[in-house]
Amino acid sequence: MSSQIAINPRVVVVTGTTTGIGAAVVKHFCELGHQVLAVDFNPKGEQVADEAGAAFYQADLTDPEACRGAIADAVQRFGGVDILVNNAGIQHVASIETFPEEKWRQIIDLMLTAPFLLTQAAWPFMREKGWGRIINIASIHAHVASPGKAAYVSAKHGMMGLTKTAALEGGEQGITANAICPAYVKTPLVDNQIADQAKLHGMGEQEVIEKIMLKNAAVKRLIEPIEVAQMVAYLASDAAGAVTGSSWNIDLGWTAH
Numbered sequence: 001m002s003s004q005i006a007i008n009p010r011v012v013v014v015t016g017t018t019t020g021i022g023a024a025v026v027k028h029f030c031e032l033g034h035q036v037l038a039v040d041f042n043p044k045g046e047q048v049a050d051e052a053g054a055a056f057y058q059a060d061l062t063d064p065e066a067c068r069g070a071i072a073d074a075v076q077r078f079g080g081v082d083i084l085v086n087n088a089g090i091q092h093v094a095s096i097e098t099f100p101e102e103k104w105r106q107i108i109d110l111m112l113t114a115p116f117l118l119t120q121a122a123w124p125f126m127r128e129k130g131w132g133r134i135i136n137i138a139s140i141h142a143h144v145a146s147p148g149k150a151a152y153v154s155a156k157h158g159m160m161g162l163t164k165t166a167a168l169e170g171g172e173q174g175i176t177a178n179a180i181c182p183a184y185v186k187t188p189l190v191d192n193q194i195a196d197q198a199k200l201h202g203m204g205e206q207e208v209i210e211k212i213m214l215k216n217a218a219v220k221r222l223i224e225p226i227e228v229a230q231m232v233a234y235l236a237s238d239a240a241g242a243v244t245g246s247s248w249n250i251d252l253g254w255t256a257h
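In the UniProt record's numbering, the protein residues as written are 1 to 257.
To be clear, the hints were calculated from the coordinates, so they are not data collected in a lab.
Backbone N, C-alpha and C fix where the C-beta goes; we use that ideal spot for every residue, glycine too.
Hints are not guaranteed to be accurate.
[Unchecked claim] What follows is a list of derived Cβ distance ranges for each label pair:
no., residue 1, residue 2, range
1, 100, 202, 41 to 49 Å
2, 172, 206, 46 to 54 Å
3, 102, 205, 36 to 44 Å
4, 169, 64, 15 to 23 Å
[What the hints assert, rightly or not] Distance condition first, Cα-Cα at most 25 Å in a straight line; then the derived DSS-like pairs of lysine-lysine:
no., residue 1, residue 2
5, 199, 186
6, 199, 103
7, 186, 211
8, 129, 164
9, 103, 129
Working from the sequences, and respecting the hints, build out all of it.
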């Protein structure tokens, strides 16, 4: 898929932008000529945004007011919101029996409630313009489950439901909603899981990569963040105007089984 899709300059809000997929999406959209607001809890995200040519808004998206504040900041800076990329996420690996309740709530708040609130806040500006793109970075875990990831899997399954509902409600208003569902991407979030998975399953870290992360993959490698960013760019383009309510799997062949 070409990254040189013809795109009219738009206002883009991206969450979870300090590293990994979010950082790649911010950089790619800036290169395409968009006005981008990068939103992250980590203050180091400001340097990442500056280097890409984006604006930065520091926010804890588990706070509902911070979600609304991010959209308000984009509107104040750029006059509206055309494209929303819900990417922010965290991970905690533990069995259901030992999973901490506070971690469950944090993950659900950040990865399901925040995308809903951000979508809700951006919706009127998209509706008024008659054009909008909501792109949710879900996961292959929006379709399948893995042991030790109850909160993450639940949030991603919920995000898929949110995507479909937004697609149905937005269709007549020119708003599309789609989800991208990658398998394991080469990001710090994935790197940090390896030790946790090794402990949970009683195996070495290299075994985790080979026997868990890439076990079901036809293509035996991790995904590069830019590969996801280029898919985001397509779904945000005018060329994807007929694409909505869909799940775009970048899963190395995982679900071909």
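Open item on the list: Please verify whether residue 186 and residue 211 have alpha carbons no more than 25 Å apart.
Closed with: With Cα atoms ~17 Å apart, residue 186 and residue 211 stay inside 25 Å; holds.
Task: Satisfaction of hint between residue 103 and residue 199, Cα-Cα up to 25 Å - done: holds (18 Å)
TODO: Could you see if the CB distance from residue 102 to residue 205 stays within 36 to 44 Å?
DONE: The hint (36 to 44 Å, Cβ to Cβ) is violated, given that residue 102 and residue 205 are roughly 27 Å apart.
Open item on the list: Would the hint linking residue 129 and residue 164 be met if the CA-CA limit is 25 Å?
Closed with: holds (21 Å)
Open item on the list: Quick check: does the Cβ-Cβ distance between residue 169 and residue 64 fall within 15 to 23 Å?
Closed with: holds (20 Å)
Task: Distance restraint between residue 199 and residue 186, which requires alpha-carbon spacing of 25 Å or less - done: Judged against 25 Å, a Cα distance of about 20 Å means the pair holds.
Open item on the list: Please check whether residue 100 and residue 202 have a Cβ separation lying inside 41 to 49 Å.
Closed with: For residue 202 against residue 100, whose Cβ atoms are near 21 Å apart, the range 41 to 49 Å is violated.
Open item on the list: Given the hinted pair residue 103 and residue 129, is their Cα-Cα distance within 25 Å?
Closed with: violated (38 Å)
- [ ] Look at the Cβ atoms of residue 172 and residue 206 and judge whether their distance stays inside 46 to 54 Å.
- [x] For residue 206 against residue 172, whose Cβ atoms are near 51 Å apart, the range 46 to 54 Å holds.
Against the hints set out earlier in the document, violations occur for numbers 1, 3, 9.
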